[in-house]
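*Asks:* Using the sequences and the hints given, assemble the complete structure.
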Amino acid sequence: MSEASAAVTSLLPGWARGELAATCSWADDERRRYPWSGALHFADTPGDCQFFYGRDCHNMKGEKDMCVVGGINNYTAALTNSSAPLVDPTISLMFLAHFVGDVHQPLHRVWDLDIIEKAMKDFYNDDLSIMTHVIMQNITEAWSEEEREWEACSSRTKTCADKYAMESAQLACDVAYAGVEQGSILGDDYFFSTLPVVQKRIAQGGVRLAAILNKIFGESSKPHSS
Numbered sequence: 001m002s003e004a005s006a007a008v009t010s011l012l013p014g015w016a017r018g019e020l021a022a023t024c025s026w027a028d029d030e031r032r033r034y035p036w037s038g039a040l041h042f043a044d045t046p047g048d049c050q051f052f053y054g055r056d057c058h059n060m061k062g063e064k065d066m067c068v069v070g071g072i073n074n075y076t077a078a079l080t081n082s083s084a085p086l087v088d089p090t091i092s093l094m095f096l097a098h099f100v101g102d103v104h105q106p107l108h109r110v111w112d113l114d115i116i117e118k119a120m121k122d123f124y125n126d127d128l129s130i131m132t133h134v135i136m137q138n139i140t141e142a143w144s145e146e147e148r149e150w151e152a153c154s155s156r157t158k159t160c161a162d163k164y165a166m167e168s169a170q171l172a173c174d175v176a177y178a179g180v181e182q183g184s185i186l187g188d189d190y191f192f193s194t195l196p197v198v199q200k201r202i203a204q205g206g207v208r209l210a211a212i213l214n215k216i217f218g219e220s221s222k223p224h225s226s
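The sequence shown begins at 1 in our numbering and counts up by one.
A hint or two may mislead.
Mimicking DSS-like on lysine-lysine, the simulated pairs with C-alpha atoms at most 30 Å apart in a straight line are [what the hints assert, rightly or not]: (1) LYS200 <-> LYS163; (2) LYS163 <-> LYS118; (3) LYS61 <-> LYS158.
Listed next, with one range per pair, are the computed distances between beta-carbon atoms [said to hold, decoys possible]: (4) GLU147 <-> GLU181: 34 to 40 Å; (5) TRP15 <-> GLU147: 26 to 32 Å; (6) PHE52 <-> GLN137: 33 to 39 Å; (7) PHE52 <-> THR132: 29 to 35 Å; (8) ASP174 <-> SER10: 39 to 45 Å; (9) ASP65 <-> ASP28: 18 to 24 Å.
Please keep in mind that the hints were generated in silico from the structure rather than gathered at the bench. From a predicted model like this one, the values you see are computed outputs, not experimental measurements. Every residue, glycine too, gets a C-beta built ideally from N, C-alpha and C.
*Replies:* What follows is the structure in structure tokens.
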């Protein structure tokens, strides 16, 4: 087990049974307990196919840094500065993992729930492990030449979540909303055209989360956590 994997496993709650994936819905399930976290699940852009942190990262009250990118940066920093944690590291880890997934889905409810649930039922016998295996196989095979580019991040002090949000804003225009009229019912044509993109975004999110966790807990992080 790598140093990062061991660190992550040590922070997981007992009910996760050593699996970070088991905590993926925790941040949604606990919204009532943490009502302020609602704004951290998304970035509300004005529809110009772009994301700008200074303009778009705020909640409905106008409070800055209250968006999914701010959440990723905040909980990455909390885990990096583990010598004097301001937030329970287990809570930070579970929020971080969830928000990295959220930032990769342009249409939060439709893309990260409805389409995935339909794919699970139609193609994977309602078995998450089967779909996960297929996505992992694509990472090592069909998308192997892209993986290094996905995880590349030159920032030493924060994540590259701005870039991930910009990608999602562009995909919202190019794919998610393309040809969709307001109030229309999304049918099979929409499902089949968007599913490959949804699965690729899941893969990108997984690769990038692993890179962030390696950056926090891996060998290179030792000087920062001592």
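*Asks:* All hints are to be evaluated individually against the structure, with a verdict given for each.
*Replies:* A quick look at each hint next to the structure:
1. LYS200 <-> LYS163: Holds, because 16 Å separates the two Cα atoms, which is no more than 30 Å.
2. LYS163 <-> LYS118: Since the Cα atoms of LYS163 and LYS118 sit roughly 28 Å apart, the hinted pair holds (cutoff 30 Å).
3. LYS61 <-> LYS158: 25 Å, holds
4. GLU147 <-> GLU181: 34 to 40 Å: Holds: the Cβ-Cβ distance is about 36 Å, inside 34 to 40 Å.
5. TRP15 <-> GLU147: 26 to 32 Å: At roughly 31 Å between Cβ atoms, GLU147 and TRP15 fall inside 26 to 32 Å, so the hint holds.
6. PHE52 <-> GLN137: 33 to 39 Å: Holds, at about 36 Å.
7. PHE52 <-> THR132: 29 to 35 Å: Check passed, 33 Å falls within 29 to 35 Å.
8. ASP174 <-> SER10: 39 to 45 Å: Holds: the Cβ-Cβ distance is about 41 Å, inside 39 to 45 Å.
9. ASP65 <-> ASP28: 18 to 24 Å: 21 Å, holds
Violated hints are absent here; each numbered hint is respected by the structure.
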